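S.K.: Chain by chain, the residues:
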Amino acid sequence: MTTFENELKNGKFVCSECIKCNKLVWPPSDFCSNCFTKVRWRQVSTIATLVEFSKKDDTIFCIAEFEGTIRVMGSLETKSEEISIGQELILAKCDYDKTERFVFQLK
Amino acid sequence: MRGVALVGTGLTKFTRSNISIESLMLLAMKSLFENTKNLAQKDVDVVLTSTSDNSKYLASIVSELAGLTPKISHSVESLCNSGANSVVSAFAYIAAGLADIALVVGAERFDSPGRILEWDRSRGQYKHPIYWSSMFTKAHMRKYGTTKEDLAIVSAKNHKNATANPYAYFEKEYSVDEIMQSKNLTEEIRLLDCSLPCSGSAAILLASEETAKKYTDCPVWITGIGQKTTSAGFTKNTDLTTMQSTIHAATDAYKMSNIQASNVDVAEIHDAFTICEIIELEDLGFAKKGEASRYARICYETQDRKINPRGGLIGSGHPLGATGIAQITEICQQLQGKAEKRQVQGAKVGLVQNMSAAATSSTVLILQS
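Protein chains in written order, with our numbering: chain H, 1 to 107; chain S, 1001 to 1369.
No lab work stands behind these hints, which were simulated from the structure alone. Since the model is a prediction, treat every value here as computed from it, not as a measurement. Treat each hint with caution, since some may be false.
[What the hints assert, rightly or not] Covered, in the sense of this in silico footprint (three residues per stretch, anywhere, with C-beta under 8 Å from a C-beta of chain S), are these stretches of chain H:
{"id": "1", "region": "9-23"}
{"id": "2", "region": "96-105"}
[Stated by the list, open to error] Pulled from the structure, derived: some chain H residues nowhere near chain S, Cβ distances all over 10 Å:
{"id": "3", "residue": "6"}
{"id": "4", "residue": "80"}
{"id": "5", "residue": "82"}
Note that CB positions come from ideal geometry on N, CA and C, so glycine has one too.
Taking the hints into account, I'd like the entire structure generated from these sequences.
M.R.: Written out as structure tokens, the structure reads:
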């Protein structure tokens, strides 16, 4: 498993960051997409912004944006009827089991 | 740069058959040889295969199976726009003078691994295409008031067009109500808003301007090409109401051919989902932003076949590696006046738009008779 997958399996969402230009490299990679320098791994903020959402059966799925740059799809757990674009979310859970899993809640 | 023409085509019917990728390709190649006058196996000096199947050394394998010994042979893989991209590669070989005759064949099986891009970590557990298409749909509905009925009209139009296409997977019309009542997959998308993975193949022959007339009396010229990759990951699409790769590709293709959207008589565009056709109509310049639903509705109500006359992906089925080549085949036949019941009268200028992986890459071709 990769560093990204291992950390995610341990409940920690990490992203690659260039050691030279400090750019966050998403999706995760061993090299910077700007200058090809090696990366370090750092934890991503647990606060995200809701970009878009929809629903399949009773599950809400959404795109959430972290730190103004990293966008991922995940599930949104809420009983609220009032969900709006731009709302702040918390990354409540993440995991890796054959695929990445992200679970959000309204902040 | 010398001119390159489309001079022959071959298709198989799109089905859910359990048939090998090699046999599918051979069937389309057989059809192409039968349809193309004066074509001998020794004439073919490029063979390109287009598929997202996991086959190895496929272009050489199908060359051997078809009795061909080309100078150049290889596969082109780019998920759903593998087909149009392989035709662009063939164009480049001929235009550069490395070859005179190129045979491009694309195929896919119904169970292709190309349906899901496992690499895309940004999709999390939501890797199936219905999730990205739901995001585009919701965003377009939010910004422009697009309705589920607008989506259903696109599907009804393309299923109706497909009934005149003997190679299409679907053979019946669906009413707007039937489409709206089809199974809900997500809040926005129903089953009949989607194209169906299937088994099928398409082949096309390209020739240099010096040799084109040997094979057809009505060559169709590739006069414009645009390609753009903006990313591979879906969530890099920053504006979900538009397809940036399509805008870039169309701009380049229009510029190269010195035409505009208003000059296009007939087009095959990549309706993997109904929302795709709506956004593409806008991004290709056929309708202003927010007005494509109205445009598609008029096409449906007036039975105008200008957009997706063969039924698009929704009516014909979507065998990934064959799709772009089948789109080009349709426009080629339209410009040759050989599209039979599907014919758009007087068509002289055609457009093909083939895209991949949630619009992260697009290819646009302009074809002229």
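S.K.: For every hint, state whether the structure bears it out.
M.R.: Hint check:
Judged by the Cβ-Cβ criterion of 8 Å, the region 9-23 of chain H is not covered by chain S as claimed, because only 0 of its residues qualify and three are needed. Counting residues of the region 96-105 of chain H whose beta-carbon sits less than 8 Å from any beta-carbon of chain S gives 4, enough to reach three: the coverage restraint holds. Distance check for residue 6 of chain H against chain S: the nearest CB is about 14 Å away, which clears 10 Å, and the non-interface claim stands. Consistency note on residue 80 of chain H: stated as away from chain S, and its beta-carbon is indeed over 10 Å from all of that chain's, at 16 Å minimum.
At the 10 Å boundary, the C-beta of residue 82 of chain H stays outside the reach of chain S, the nearest C-beta of that chain being 15 Å off.
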